[in-house]
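Asker: So the chains spell out like this:
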Amino acid sequence: MPAWQMPTPNDIVYLFHSMHPALTSFTSVQDVSNDIPALVEEALRLKASPLAWNELGRNKTLALVFFNSSLRTRLSSQKAAWNLGMNTMVVNVGTESWKLEMQDGAVMDSDTVEHIKEGAAVIGAYSDIVGVRAFASLTDKAADTSEHTLSQFQKYAAKPLVSLESALRHPLQSFADLITIEEIRRRENMKHRPKVVLSWAPHPKALPQAVPNSFAEWMHHADVEFVIAHPEGYDLDEAFVQGATVTHNQDDALRGADFVYAKNWSAFQGENYGKVLLRDTSWTISGEKMRLTNNGKFMHCLPTRRNVEVMDEVLDSPSSLVIEQAKNRVVSAQTVLKRMLESLALNSVTA
Amino acid sequence: MPAWQMPTPNDIVYLFHSMHPALTSFTSVQDVSNDIPALVEEALRLKASPLAWNELGRNKTLALVFFNSSLRTRLSSQKAAWNLGMNTMVVNVGTESWKLEMQDGAVMDSDTVEHIKEGAAVIGAYSDIVGVRAFASLTDKAADTSEHTLSQFQKYAAKPLVSLESALRHPLQSFADLITIEEIRRRENMKHRPKVVLSWAPHPKALPQAVPNSFAEWMHHADVEFVIAHPEGYDLDEAFVQGATVTHNQDDALRGADFVYAKNWSAFQGENYGKVLLRDTSWTISGEKMRLTNNGKFMHCLPTRRNVEVMDEVLDSPSSLVIEQAKNRVVSAQTVLKRMLESLALNSVTA
Amino acid sequence: MPAWQMPTPNDIVYLFHSMHPALTSFTSVQDVSNDIPALVEEALRLKASPLAWNELGRNKTLALVFFNSSLRTRLSSQKAAWNLGMNTMVVNVGTESWKLEMQDGAVMDSDTVEHIKEGAAVIGAYSDIVGVRAFASLTDKAADTSEHTLSQFQKYAAKPLVSLESALRHPLQSFADLITIEEIRRRENMKHRPKVVLSWAPHPKALPQAVPNSFAEWMHHADVEFVIAHPEGYDLDEAFVQGATVTHNQDDALRGADFVYAKNWSAFQGENYGKVLLRDTSWTISGEKMRLTNNGKFMHCLPTRRNVEVMDEVLDSPSSLVIEQAKNRVVSAQTVLKRMLESLALNSVTA
Numbered sequence: 260m261p262a263w264q265m266p267t268p269n270d271i272v273y274l275f276h277s278m279h280p281a282l283t284s285f286t287s288v289q290d291v292s293n294d295i296p297a298l299v300e301e302a303l304r305l306k307a308s309p310l311a312w313n314e315l316g317r318n319k320t321l322a323l324v325f326f327n328s329s330l331r332t333r334l335s336s337q338k339a340a341w342n343l344g345m346n347t348m349v350v351n352v353g354t355e356s357w358k359l360e361m362q363d364g365a366v367m368d369s370d371t372v373e374h375i376k377e378g379a380a381v382i383g384a385y386s387d388i389v390g391v392r393a394f395a396s397l398t399d400k401a402a403d404t405s406e407h408t409l410s411q412f413q414k415y416a417a418k419p420l421v422s423l424e425s426a427l428r429h430p431l432q433s434f435a436d437l438i439t440i441e442e443i444r445r446r447e448n449m450k451h452r453p454k455v456v457l458s459w460a461p462h463p464k465a466l467p468q469a470v471p472n473s474f475a476e477w478m479h480h481a482d483v484e485f486v487i488a489h490p491e492g493y494d495l496d497e498a499f500v501q502g503a504t505v506t507h508n509q510d511d512a513l514r515g516a517d518f519v520y521a522k523n524w525s526a527f528q529g530e531n532y533g534k535v536l537l538r539d540t541s542w543t544i545s546g547e548k549m550r551l552t553n554n555g556k557f558m559h560c561l562p563t564r565r566n567v568e569v570m571d572e573v574l575d576s577p578s579s580l581v582i583e584q585a586k587n588r589v590v591s592a593q594t595v596l597k598r599m600l601e602s603l604a605l606n607s608v609t610a
Numbered sequence: 260m261p262a263w264q265m266p267t268p269n270d271i272v273y274l275f276h277s278m279h280p281a282l283t284s285f286t287s288v289q290d291v292s293n294d295i296p297a298l299v300e301e302a303l304r305l306k307a308s309p310l311a312w313n314e315l316g317r318n319k320t321l322a323l324v325f326f327n328s329s330l331r332t333r334l335s336s337q338k339a340a341w342n343l344g345m346n347t348m349v350v351n352v353g354t355e356s357w358k359l360e361m362q363d364g365a366v367m368d369s370d371t372v373e374h375i376k377e378g379a380a381v382i383g384a385y386s387d388i389v390g391v392r393a394f395a396s397l398t399d400k401a402a403d404t405s406e407h408t409l410s411q412f413q414k415y416a417a418k419p420l421v422s423l424e425s426a427l428r429h430p431l432q433s434f435a436d437l438i439t440i441e442e443i444r445r446r447e448n449m450k451h452r453p454k455v456v457l458s459w460a461p462h463p464k465a466l467p468q469a470v471p472n473s474f475a476e477w478m479h480h481a482d483v484e485f486v487i488a489h490p491e492g493y494d495l496d497e498a499f500v501q502g503a504t505v506t507h508n509q510d511d512a513l514r515g516a517d518f519v520y521a522k523n524w525s526a527f528q529g530e531n532y533g534k535v536l537l538r539d540t541s542w543t544i545s546g547e548k549m550r551l552t553n554n555g556k557f558m559h560c561l562p563t564r565r566n567v568e569v570m571d572e573v574l575d576s577p578s579s580l581v582i583e584q585a586k587n588r589v590v591s592a593q594t595v596l597k598r599m600l601e602s603l604a605l606n607s608v609t610a
Numbered sequence: 260m261p262a263w264q265m266p267t268p269n270d271i272v273y274l275f276h277s278m279h280p281a282l283t284s285f286t287s288v289q290d291v292s293n294d295i296p297a298l299v300e301e302a303l304r305l306k307a308s309p310l311a312w313n314e315l316g317r318n319k320t321l322a323l324v325f326f327n328s329s330l331r332t333r334l335s336s337q338k339a340a341w342n343l344g345m346n347t348m349v350v351n352v353g354t355e356s357w358k359l360e361m362q363d364g365a366v367m368d369s370d371t372v373e374h375i376k377e378g379a380a381v382i383g384a385y386s387d388i389v390g391v392r393a394f395a396s397l398t399d400k401a402a403d404t405s406e407h408t409l410s411q412f413q414k415y416a417a418k419p420l421v422s423l424e425s426a427l428r429h430p431l432q433s434f435a436d437l438i439t440i441e442e443i444r445r446r447e448n449m450k451h452r453p454k455v456v457l458s459w460a461p462h463p464k465a466l467p468q469a470v471p472n473s474f475a476e477w478m479h480h481a482d483v484e485f486v487i488a489h490p491e492g493y494d495l496d497e498a499f500v501q502g503a504t505v506t507h508n509q510d511d512a513l514r515g516a517d518f519v520y521a522k523n524w525s526a527f528q529g530e531n532y533g534k535v536l537l538r539d540t541s542w543t544i545s546g547e548k549m550r551l552t553n554n555g556k557f558m559h560c561l562p563t564r565r566n567v568e569v570m571d572e573v574l575d576s577p578s579s580l581v582i583e584q585a586k587n588r589v590v591s592a593q594t595v596l597k598r599m600l601e602s603l604a605l606n607s608v609t610a
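Chains U, A and F, in that order, give the protein sequences. The opening position of the first sequence corresponds to residue 260 in the numbering used here, with each subsequent residue numbered one higher. The opening position of the second sequence corresponds to residue 260 in the numbering used here, with each subsequent residue numbered one higher. The opening position of the third sequence corresponds to residue 260 in the numbering used here, with each subsequent residue numbered one higher.
Treat the hints as calculated values from the structure; they're not laboratory data. Take the hints with a grain of salt, since some may be wrong.
The calculated DSBU-like cross-link candidates involving lysine-lysine, where the alpha carbons are at most 30 Å apart (straight line), are [stated by the list, open to error]:
hint, chain 1, residue 1, chain 2, residue 2
1, A, Lys358, F, Lys414
2, F, Lys358, F, Lys464
3, A, Lys319, F, Lys319
4, U, Lys306, F, Lys319
5, A, Lys400, A, Lys358
Just chain U, same shape as in the assembly:
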């Protein structure tokens, strides 16, 4: 029987494979739902040693495709990729590149210059992992709820796909939110099951439901008491609510809350889809509102409208976690990219 030997790359990859399922898509919590506690632990380890896997992505390329503006997602995804040694290529669709046609069978005799079939295939051909940001239109509910743009990229880019916020979900944000909650639980030595409240908040413009949908979806997989508060008419899709406690009384919801996640969204139900039904500042998160909580922490995905969604006194207080959440966007992206790179490495070794 031989003495101990250096493990071969194959040994290491099989060992990895025995521990983690391959990750080739990160568009909703379903992609990782069997593995969330391990994923959070890995994120916290990566946060402590961000350069530990700095060779894993060497000479690999992350394409970042933006149909919409971005600050946090744009920068944190780049930083995450660089920490893993990857290159990043950015595509600003419609400004730097061509306006894409989304409809199958379209006769392209108008203003769209390239079909997504070609656009996605070409971006996929030049990269190893593809990230796509494509917000809801809020006008075409059928297209939005079918995640049409994202699914076209999934189909035609033919590479591991990371959602950078789609019509329905923003999983990198929700994963960062969960990491943030877990950090606070440990830091504050919270023994009880924390109460987490997702509260609608006012906003001058109609916003998609992606962040609240996604946050709900992830909270269902966390060991928390989860409550959603919103005015009448702002019900989210039941696919995301999944039987969570829903109330139209914000104060009731806030009582005893450990975490208050504020976010505006436009109406989802029926013919009000994409509409702003009220701008009621009684739903603005204020210091007075926060005093109803259990010394609760304030969370928001950013960008936020100061003194509309939330008052300065809350954002500027020590209870605000918004910058912590933003910082954790690097580590949520890096954890996902690391798993995808490991899955790619597995494929190349076992191929």
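Based on these hints, arrange chains A and F on the given structure of chain U.
Answerer: Structure of chains A and F alone, referenced to chain U:
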């Protein structure tokens, strides 16, 4: 007499020099016309081992200057540069940077902020190789046919210059097209001299002649039977046609074709310069048209207007090479950049 | 007593610390005013060996935030960072990213999407050094003269901050200008104290005073005779003039000049703030004007309006230093970034 010794860098550079002419400009097939078969072989070797020369461009910078939108060129040039270890800096003229004045002697008291003399010199000063995309205006035929923007960069940037599509030519595309044709010849074990048809196709907007010009120019250097088909009034500049067979009967041209390269262009001749003369869908490449060919492959540089230039049934069939062509944009750019980096290395060793 | 030993990283950092003050801000000459000759020497050494410190910035990130267009600053900052091994992330505010709210206490119910408090904090969280370009509005003198945007970034990004041109100053340009003057003094073996003239020049648009302010501020720290020439009504802020010789007679100023620095600026004083008072082409720098000088060199920060600010015959003559100045933008940025990286290294070793 000494035993065998490690060759010095000088030895290697002289050896290279004895094999390849220095490459300091890649703006038309003329820049490489003595060396095309070797260039194609090198491209195919690079495609098999894209990272084999990953140190050649270390700490060298490629500037990519865009006067127009770009997807394939933007991304494939970056990928090619990274494969060689280079950095890439992108300049989106007129949006991120200043609007450039092109005319010598202009009194700049209007909307142009910087003269190309300074703009090009500064970009050249910060980089080792400069790539420029500057489409034809289609309104100023004299400026377009003189390749004014490209030649100003050639003069003032004073660095090796790569065309990323100019008014008259798109040589990185044509080189990728030639590589693609060569790959298919080998893969399909084609014994005969292939028939290659460049066919005009309809389009809602007026497009430049750069791609058909350049494709023709490269096909004249390939071992193929080359035919151009277009409606009356769409004659290309004779400088590019160079006595190729030209027909106004698309069906005649397609019969027996091994490769069908579809592309729209606007009129070139006389006072019709830059005009759309017809949008006749009888020139659209359909499955029926393709059945006239010798089981021909379909080619297009992309972006393409689906169901206007070419029907879905063709693009979505196995005979379509459009994604293969796009993939070969990386290797065409990388081959050109590699030759330029080798020429720069030669200069620095022998200086 | 031990024999000589390899110095530890601590030894090296303390040695550095004993020689240079820590640099955590580069927004005006005040940040380096005790150290300018050493800084110029270091810049010249870096210019000779740009890659000598190529490992110093490894895995460090420079964020480049642009509220305004940029060519030289954008590219030279990237090049400088890459020479030091850093990554660079670019934020084009308002186009790729969100429009930022600048006012404390604002009720954000209109068109600004994110407050600079969050925007700056997030950018700071993702990077190690932050560069910001934010021109003067020329409409809100109070905001401009308080350097509001820059100071908000200083406060909320909480990272070493480099001005990429602010409302009042452009220190990377002025440092590059000083390096250029010093190179010429040595190259031409100038024994006398050179006469440097900053001359107003006409321009079709209203421009900020940042470049002339900053150039004056730096010249006060250089061993030169410094003269400012401008038409009546164009007095700069006395904080920058600092008792320099000021004349309204351009010809008088130019006589005997070794360096002529031309630049347009709009009125600063009183209710004329930000206005164009005259477009008098008698102030255009021509060959005839230059013949009044002591075989003087022509300088401009670029971009320049040819045949409005300065005639072709001057820019195209050997006496023009404008491209030399632009080249020195790399080395001025690199020297500043190097000092900041060394200060960061010091912090991390001694922390």
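Asker: If a hint holds in the structure, say so; if it doesn't, say that too.
Answerer: Status of the hints after comparison with the structure:
{"no.": "1", "hint": "Lys358/A to Lys414/F", "in the structure": "violated, 34 Å"}
{"no.": "2", "hint": "Lys358/F to Lys464/F", "in the structure": "holds, 25 Å"}
{"no.": "3", "hint": "Lys319/A to Lys319/F", "in the structure": "holds, 19 Å"}
{"no.": "4", "hint": "Lys306/U to Lys319/F", "in the structure": "holds, 15 Å"}
{"no.": "5", "hint": "Lys400/A to Lys358/A", "in the structure": "holds, 21 Å"}
Going through the hint list in order, the structure does not satisfy hint 1, though it satisfies all others.
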